[in-house]
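First to last, the sequence lines map onto chains G and Z. Numbered according to this note's numbering, the first sequence spans residues 1 to 443. Numbered according to this note's numbering, the second sequence spans residues 1 to 240.
Simulated from the structure, these hints should not be mistaken for laboratory data. Quick reminder that beta carbons are idealized off the backbone N, C-alpha and C, glycines included. Check each hint, because a few of them may be wrong.
To be verified - The list that follows gives simulated cross-link-like pairs (lysine to any residue, SDA-like), each with its CA atoms no further than 25 Å apart:
id, chain 1, residue 1, chain 2, residue 2
1, G, 112, G, 83
2, G, 142, G, 178
3, G, 43, G, 138
4, Z, 87, Z, 129
5, Z, 87, G, 9
6, Z, 87, G, 57
7, Z, 87, G, 17
8, Z, 87, G, 23
9, G, 112, G, 160
10, Z, 87, G, 95
11, G, 112, G, 157
12, G, 43, G, 136
13, Z, 87, G, 281
14, Z, 87, G, 289
15, G, 112, G, 161
16, Z, 87, G, 292
17, Z, 87, G, 360
18, G, 112, G, 136
19, G, 112, G, 53
20, G, 112, G, 138
21, G, 142, G, 123
22, G, 112, G, 57
23, Z, 87, G, 302
24, Z, 87, G, 143
25, G, 142, G, 96
26, Z, 87, G, 142
27, Z, 87, G, 363
28, G, 43, G, 149
29, G, 142, G, 158
30, Z, 87, G, 10
31, Z, 87, G, 287
32, Z, 87, G, 12
33, Z, 87, G, 295
34, Z, 87, G, 284
Said to hold, decoys possible - To list a few chain G residues with every Cβ distance to chain Z over 12 Å, as calculated:
id, residue
35, 57
36, 108
37, 122
38, 126
39, 143
40, 208
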Amino acid sequence: MRWLLLKDLTILRRSPLLVGLLVIYPIAISCLIGFALSRGPDKPAVAILNEVPASSNEIALGSERIDVSQYSTELYDAVDPVPVESRAEAEEKVRSGAVLAALIIPADITSKLQTGLSPATVEVLYNAEDPVKAAFVQDTIKAQVQDANLALTQALTGVALDYLDLIVSGGEFDLIGQTFDVLGLERSQEILEAISPRLSAADSAEVGEVIEFAGVAGDNLALADNALSSLSAPIRVETTVVEGGRTPLSSFAVAIAIAVSLMFVTLLLASGTLALEREENAYARLTRGLVAPSALLTEKVVLAAVCSLAVTLLMLVGLALFVGLEFGRAPMWIAALALAAAAFAAMGVALGALTRDVRAASLLAFMIALPIAFLALVPSGAVSPGLFGAITAVNALFPFGPTLDALDWALNGAPLALLTVAHLAALVAAYSVVGRVALRRFG
Amino acid sequence: MIDEGRSRPTVLEAHGLVKWFGPRAALDGVSIAAAPGERVAVIGPNGAGKTTLLSILAGIQRPDAGNVETGGQRVGWVPQQAALYGKLTVAENLRLFARLEGRDDVEQVVERMLDQAALGDRRDDPVAELSGGNRQRVNIAIGLLAEPRVLLLDEPSASLDPRQRERLWEFILALAERGTAVVYATHDLSEADRHANRVLVLADAELVFAGTPAELEQAVGGGLRDFETSFVSFLGQLGH
Ligand SMILES: Nc1ncnc2c1ncn2[C@@H]1O[C@H](COP(=O)(O)OP(=O)(O)O)[C@@H](O)[C@H]1O
Ligand SMILES: [Mg+2]
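The task is simple: from the sequences and hints, build the whole structure.
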């Protein structure tokens with residue numbers, strides 16, 4: 001078997017195109033995924049026309065002064081702001097594609113916010129040529145305007161609450177540099193209650209009504225506090241994960257990238273090298289007393305598994321540059337990769353045994369691998385329960401699903417079910433038998 | 001018809017071989033024997049059962065009936081299509097199979113084979129770059145690695161040009177001279193006539209003639225010039 005392994009490695013070494021593909025393909029995938037995960041979407045360039053004079057950035061609400069520009073910076077954080085001087089310039093930049101969109105903040109926004117008579121409006125210009133970009137701009141700006149709205153509402157509510165408090169409890173009130181003392185409902189009630197006994201019976205009864213009103217008003221307005229607070233954030237969202245792990249998306253994407261690469265490299269190598277024996281007519285010569293068919297199958301499984309283990313390990317090291325991977329778990333990476341590679345290799349050998357030449361074997365491997373990966377990633381709930389059951393049953397026949405589970409364990413510390421290990425081991429055994437039978441049948 | 005009745009000791013004997021593929025017989029009671037240094041040609045039209053016969057003698061296929069005796073010796077087998085790794089060099093192919101054959105004098109055996117096949121100067125060329133004739137010689141050299149006393153060759157000269165054919169036969173005849181029994185299949189009458197001591201004719205899974213080339217010519221009738229035509233009508237008379 002040693003000599004056959006050496007022979008196959010020599011042949012691989014002399015097939016630079018194939019090896020290049022087998023190595024470059026996973027590296028390209030891991031770079032793409034790594035890059036996508038680490039960068040996130042770029043901040044879109046957005047032209048900003050701010051017509052509000054710097055002096056009116058502040059609005060006065062009673063005694064409070066709110067700096068509106070503070071809320072616009074929140075929006076600026078989410079985009080790459082490009083200041084422009086005029087509406088024409090903004091339009092031109094959007095049209096030419098220099099920016100994704102333009103945001104026009106009109107001069108009257110602060111006065112409108114202050115009076116509250118008509119809603120303050122900002123204007124967004126964007127190029128809808130590319131629907132994806134358009135949707136992106138719409139979503140980003142909508143989200144940011146909502147955030148700004150929320151922040152403003154909270155500020156305004158705060159002011160309103162202060163007013164209410166002043167009316168209920170009384171206190172000092174600043175208005176244009178002058179300070180007033182506001183009596184407040186509570187103190188009004190106290191004063192009235194104090195003078196009530198000194199009044200005539202008729203007067204006392206009327207004052208009693210005022211006292212009662214002051215009491216009821218005070219109590220109810222105090223309750224309004226809560227109502228107003230909840231107004232500023234009408235719905236709060238609390239999320240609870242009910243099913244599935246807490247593996248962050250990026251780490252799961254790494255597991256998928258590795259599983260996909262492992263699948264392709266292993267399937268192609270195992271099926272290709274076995275099919276090559278027949279393409280070169282060497283199979284009959286080898287199995288004529290030189291090598292037992294099962295030893296030949298084992299050799300291909302070992303070859304494919306070892307090569308793909310090396311490639312995917314390299315890939316993991318490369319990906320670790322982009323996403324945080326715990327190198328301390330490396331032994332677990334190797335264990336998971338080795339078991340999964342063995343399962344895919346056994347499957348590849350079964351495919352190789354069904355075909356007579358490398359081309360057919362590769363084609364078959366590709367044709368089967370793509371739907372497997374696709375099926376394994378169909379989430380429950382995306383299809384009807386009956387169909388999902390069927391998909392689960394089909395998935396159980398292929399190593400992709402348990403490979404993902406094993407990799408999630410190795411990479412992200414997700415719990416590893418003994419069933420996963422048993423599943424992969426069972427697939428190794430089952431596909432080896434299929435390969436052996438197929439060789440006898442088609443050899 | 002049975003190929004028997006020789007007194008010399010044989011290195012290969014098979015009796016009453018039968019092989020069915022579904023409802024059709026590929027071999028129907030064929031017997032064959034070969035003595036050391038003997039050159040036996042198995043001729044017959046395509047589909048007659050030549051490859052099936054050689055595969056059974058080589059132990060690649062099992063007969064449905066009959067038996068093969070090789071006296072415990074390994075039989076060298078050279079398949080019709082070269083069974084070589086195109087990406088490996090001539091020497092690497094020989095070395096690999098010498099190792100798999102369990103030879104412990106690997107390098108010596110490889111050198112001897114390169115020498116016998118006159119391929120010393122092509123030893124480091126990838127097999128994929130060799131001419132058909134040279135590739136077939138490597139193919140045969142691999143069949144000889146175990147130094148078998150019987151060598152089975154399945155249409156060794158098919159797809160070779162006349163000059164390559166000549167050189168290939170020099171190589172094969174030299175082997176027989178050294179005592180190897182050579183059994184080869186061919187559908188080329190002149191190759192049987194020129195190079196064999198004995199000729200077996202297979203037609204539709206049956207052995208229809210066994211004898212020397214001269215006896216075959218006699219049975220067929222007509223000179224060698226019209227031999228092909230006469231042979232076809234000879235088969236026709238026998239009901240094939
Ligand atoms: N593996 C096989 N399966 C089915 N039929 C076969 C197989 N091998 C050979 N045959 C049939 O057996 C007959 C003899 O074939 P073969 O021995 O290859 O003939 P030859 O070598 O003389 O051309 C043919 O009819 C062929 O179609
Ligand atoms: Mg044939």
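For each hint, the structure was consulted:
1. Our distance criterion of 25 Å between C-alpha atoms is met by residue 112 of chain G and residue 83 of chain G, whose separation comes to about 23 Å.
2. For the suggested pair residue 142 of chain G and residue 178 of chain G, the alpha carbons sit about 41 Å apart, so the restraint of at most 25 Å is broken.
3. Restraint check for residue 43 of chain G and residue 138 of chain G: the C-alpha separation of about 14 Å stays at or below 25 Å, so the hint holds.
4. In summary, the hint linking residue 87 of chain Z to residue 129 of chain Z is supported, as the alpha carbons are separated by about 9 Å, within the 25 Å threshold.
5. Distance hint between residue 87 of chain Z and residue 9 of chain G is fulfilled; the C-alpha atoms sit about 11 Å from each other, no more than 25 Å.
6. A C-alpha spacing of about 77 Å is found between residue 87 of chain Z and residue 57 of chain G, which places the hinted pair above 25 Å, so the restraint is violated.
7. Of the pairs offered as hints, the one joining residue 87 of chain Z and residue 17 of chain G holds, with about 13 Å between alpha carbons and a cut-off of 25 Å not exceeded.
8. A C-alpha spacing of about 20 Å is found between residue 87 of chain Z and residue 23 of chain G, which places the hinted pair at or below 25 Å, so the restraint holds.
9. A C-alpha spacing of about 17 Å is found between residue 112 of chain G and residue 160 of chain G, which places the hinted pair at or below 25 Å, so the restraint holds.
10. Our distance criterion of 25 Å between C-alpha atoms is broken by residue 87 of chain Z and residue 95 of chain G, whose separation comes to about 58 Å.
11. Restraint check: the Cα-Cα separation between residue 112 of chain G and residue 157 of chain G comes to about 17 Å, which is no more than 25 Å; the hinted pair holds.
12. Straight-line distance between C-alpha atoms of residue 43 of chain G and residue 136 of chain G comes to about 11 Å, which keeps the hinted pair within the 25 Å bound.
13. Between residue 87 of chain Z and residue 281 of chain G the alpha-carbon distance is near 14 Å, which keeps this suggested pair within the 25 Å criterion.
14. With a C-alpha separation of about 24 Å, the suggested pair residue 87 of chain Z and residue 289 of chain G falls inside the 25 Å cut-off, and the hint holds.
15. The suggested pairing of residue 112 of chain G with residue 161 of chain G holds, with an alpha-carbon distance near 21 Å, which does not exceed 25 Å.
16. A threshold of 25 Å between alpha carbons decides the hint, and for residue 87 of chain Z with residue 292 of chain G the separation of about 23 Å falls inside it, so the pair holds.
17. Between residue 87 of chain Z and residue 360 of chain G, the direct Cα distance comes to roughly 19 Å. Compliance with the 25 Å bound is thereby established for this hinted pair.
18. Note on residue 112 of chain G and residue 136 of chain G: the hinted pairing is violated, with a Cα-Cα distance of about 29 Å set against a maximum of 25 Å.
19. Of the supplied pair hints, the one linking residue 112 of chain G and residue 53 of chain G holds, its CA atoms being roughly 14 Å apart against a limit of 25 Å.
20. A hinted pair counts as satisfied when its Cα atoms are at most 25 Å apart, and residue 112 of chain G with residue 138 of chain G qualifies at roughly 24 Å.
21. Taken as a hint, the residue 142 of chain G and residue 123 of chain G pair is honoured in the structure, with Cα atoms around 12 Å apart against an allowance of 25 Å.
22. For the given pair, residue 112 of chain G sits about 12 Å from residue 57 of chain G by alpha-carbon distance, which is consistent with the 25 Å threshold.
23. Pair hint residue 87 of chain Z plus residue 302 of chain G holds up; C-alpha atoms about 21 Å apart against a cutoff of 25 Å.
24. Among the hinted pairs, residue 87 of chain Z with residue 143 of chain G is inconsistent with the structure: their alpha-carbon atoms are about 61 Å apart, more than 25 Å.
25. Annotation: proposed proximity of residue 142 of chain G to residue 96 of chain G holds, straight-line Cα distance about 23 Å (limit 25 Å).
26. Pair hint residue 87 of chain Z plus residue 142 of chain G does not hold up; C-alpha atoms about 62 Å apart against a cutoff of 25 Å.
27. Simply put, residue 87 of chain Z and residue 363 of chain G have alpha-carbon atoms about 22 Å apart, close enough for the 25 Å limit, and the pair holds.
28. About 21 Å separates the Cα atoms of residue 43 of chain G and residue 149 of chain G, which keeps this hinted pair within 25 Å; it holds.
29. Of the supplied pair hints, the one linking residue 142 of chain G and residue 158 of chain G holds, its CA atoms being roughly 24 Å apart against a limit of 25 Å.
30. A C-alpha spacing of about 8 Å is found between residue 87 of chain Z and residue 10 of chain G, which places the hinted pair at or below 25 Å, so the restraint holds.
31. For the suggested pair residue 87 of chain Z and residue 287 of chain G, the alpha carbons sit about 20 Å apart, so the restraint of at most 25 Å is met.
32. Straight-line distance between C-alpha atoms of residue 87 of chain Z and residue 12 of chain G comes to about 9 Å, which keeps the hinted pair within the 25 Å bound.
33. For the hint pairing residue 87 of chain Z with residue 295 of chain G, the CA-to-CA distance comes to about 22 Å; that is within 25 Å, so the pair holds.
34. Our distance criterion of 25 Å between C-alpha atoms is met by residue 87 of chain Z and residue 284 of chain G, whose separation comes to about 19 Å.
35. Taking the minimum C-beta to C-beta distance to chain Z, about 75 Å, the non-interface status of residue 57 of chain G holds against the 12 Å cut.
36. The claim that residue 108 of chain G lies off the interface holds: its Cβ sits roughly 78 Å from the closest Cβ of chain Z, which is beyond the 12 Å cut-off.
37. Consistency note on residue 122 of chain G: stated as away from chain Z, and its beta-carbon is indeed over 12 Å from all of that chain's, at 68 Å minimum.
38. The claim that residue 126 of chain G is not at the interface with chain Z holds, since no C-beta of that chain comes within 12 Å of its own (minimum 57 Å).
39. The non-interface label for residue 143 of chain G is consistent with chain Z: the shortest C-beta to C-beta separation is roughly 58 Å, beyond 12 Å.
40. With 12 Å as the threshold on Cβ separation, the claim that residue 208 of chain G sits away from chain Z holds: the shortest Cβ distance comes to roughly 110 Å.
Figure legend: structure checked against the earlier numbered hints; hints not met, in rising order: 2, 6, 10, 18, 24 and 26.
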